[in-house]
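Colleague: In case you want the letters, here they are:
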Amino acid sequence: MQQTLIFFCQLGALAAFAWTADQVVKICGLPIPGNVLGIIVLFTLLCTGIVKESHISAAAGFLLRHLVFFFVPVAVGLMNWGGVFYDYGWALLAAIVVSAALPLLVVSKLARALRHRPGQGGERQKEEKPCGQ
Amino acid sequence: MWTVTTLLCVAGTLLVYLTINSLYLRYKHPLINVVGLSAAVIIIALLLCDLPYTAYEPAKDIMTALMGAATVSLALPLYRFRKLLLRDAAAILCSVGAGAFTAMFSAGLMVQMGGLPREVAMSILSKGVSIPFAVQLASIYDGVPSLAAAFVVATGTLGSLLGAWSLDCIRDTAPFSRGLTLGTVSHGQGVAAALQENEEAGAMAGLAMILAGILTAVFAPGVVWLLRILA
Chain A
7 MQQTLIFFCQ LGALAAFAWT ADQVVKICGL PIPGNVLGII VLFTLLCTGI VKESHISAAA
67 GFLLRHLVFF FVPVAVGLMN WGGVFYDYGW ALLAAIVVSA ALPLLVVSKL ARALRHRPGQ
127 GGERQKEEKP CGQ
Chain B
2 MWTVTTLLCV AGTLLVYLTI NSLYLRYKHP LINVVGLSAA VIIIALLLCD LPYTAYEPAK
62 DIMTALMGAA TVSLALPLYR FRKLLLRDAA AILCSVGAGA FTAMFSAGLM VQMGGLPREV
122 AMSILSKGVS IPFAVQLASI YDGVPSLAAA FVVATGTLGS LLGAWSLDCI RDTAPFSRGL
182 TLGTVSHGQG VAAALQENEE AGAMAGLAMI LAGILTAVFA PGVVWLLRIL A
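Line by line, the protein sequences give chains A and B.
Just so you know, we're using my numbering here: the first sequence kicks off at 7 and counts up by one.
Just so you know, we're using my numbering here: the second sequence kicks off at 2 and counts up by one.
The hints are simulated quantities; they were obtained by calculation from the structure and are not laboratory data.
Even for Gly, the Cβ is constructed at its ideal location relative to N, Cα and C.
Take these hints with a grain of salt, some might be off.
Unchecked claim - Stretch by stretch, here's where chain A covers chain B in the computed footprint (C-beta under 8 angstroms, at least three residues):
id	segment
1	47-61
2	71-85
3	96-109
4	169-183
5	224-232
As the list claims (entries may be wrong) - Sample of chain A residues lacking proximity to chain B, with all beta carbon distances greater than 10 angstroms (derived):
id	residue
6	GLN9
7	CYS15
8	CYS53
9	LEU73
10	LEU84
11	TYR92
12	LEU110
What the hints assert, rightly or not - Listed next, the stretches of chain A that the computed footprint assigns to chain B, with coverage defined by at least 3 CB atoms under 8 angstroms from CB atoms of chain B:
id	segment
13	22-35
14	58-72
15	103-109
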């Protein structure tokens, strides 16, 4: 019972936080989306210890486990665009596939090349654990 | 409005999602794509019931009400991996920046070469970033915001369908680079796909998504200029 209450309090706090970030972006006319500002501010609050991990972890863990759910209703919106994709056909499909495949190669290769500096590969593997748990 | 249709749409979407998600968790097969399959089932159901998307939209608004809270929660995995992020800041920034530029430029160039109208080219530039950002960018550069949103969804769905498989094909097994790639190439859906793999990949993908969003806005004027010269 108490666990459930804590969960919903955390959920409410996160929702209020996201809403506030959205409003700040709108009012100040910042050139970034509200959720990006929200992530940056919440990350800063966590790093400075103003917000503790335990304050949000129950609700945040649940939301992150089901993050894909939120994109299901958004993806359903594609049904409206059948016509556009039908008219422009292959050019659009090719553009979308190629412009996803090229950066995929670029990011993956660069990330691995830049990160594995000589002599450090071995030790690094061990340090790849989440900190602050 | 809380009509019966809306309630049925919400209940139906939840049911479809929970069924497909439990199938995915049971078999972990890459072809069981939660977003793609669920959306396909729902679209087919709507078409069979002769319902237009506008009938589904109120349900979508209700279900995505917590999307902001969910996205903001990404700060938690970022925080847990903060040391990793700081130490590899240069590698992360370079690879995500190069990826964001490649995505914009190749998409814009191909659409332009395919002879499509200019506003389509301007709408596809922001296809790699999350929807609110893409819509804003499209309207700045005379694109069509709704078309931009469609490209974002298409790219995200493609990334979550084939991203992990493509990375397997190029033998990328490190959670670090897999996460960065998924987040850069297909924003929120890539992050979700990376989170399904493990927490480190999820954290890197979340960071890559944020950086890609910011860097895409920074590169946009340059890419638009380049495309104009090449046209």
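Colleague: Taking the hints in turn, state whether each one holds.
Modeller: Consistency of the hints with the structure:
| no. | hint | result |
| --- | --- | --- |
| 1 | 47-61 | holds (count 6) |
| 2 | 71-85 | holds (count 15) |
| 3 | 96-109 | holds (count 10) |
| 4 | 169-183 | holds (count 9) |
| 5 | 224-232 | violated (count 0) |
| 6 | GLN9 | 18 angstroms, holds |
| 7 | CYS15 | 13 angstroms, holds |
| 8 | CYS53 | 7 angstroms, violated |
| 9 | LEU73 | 4 angstroms, violated |
| 10 | LEU84 | 6 angstroms, violated |
| 11 | TYR92 | 13 angstroms, holds |
| 12 | LEU110 | 5 angstroms, violated |
| 13 | 22-35 | holds (count 5) |
| 14 | 58-72 | holds (count 10) |
| 15 | 103-109 | holds (count 7) |
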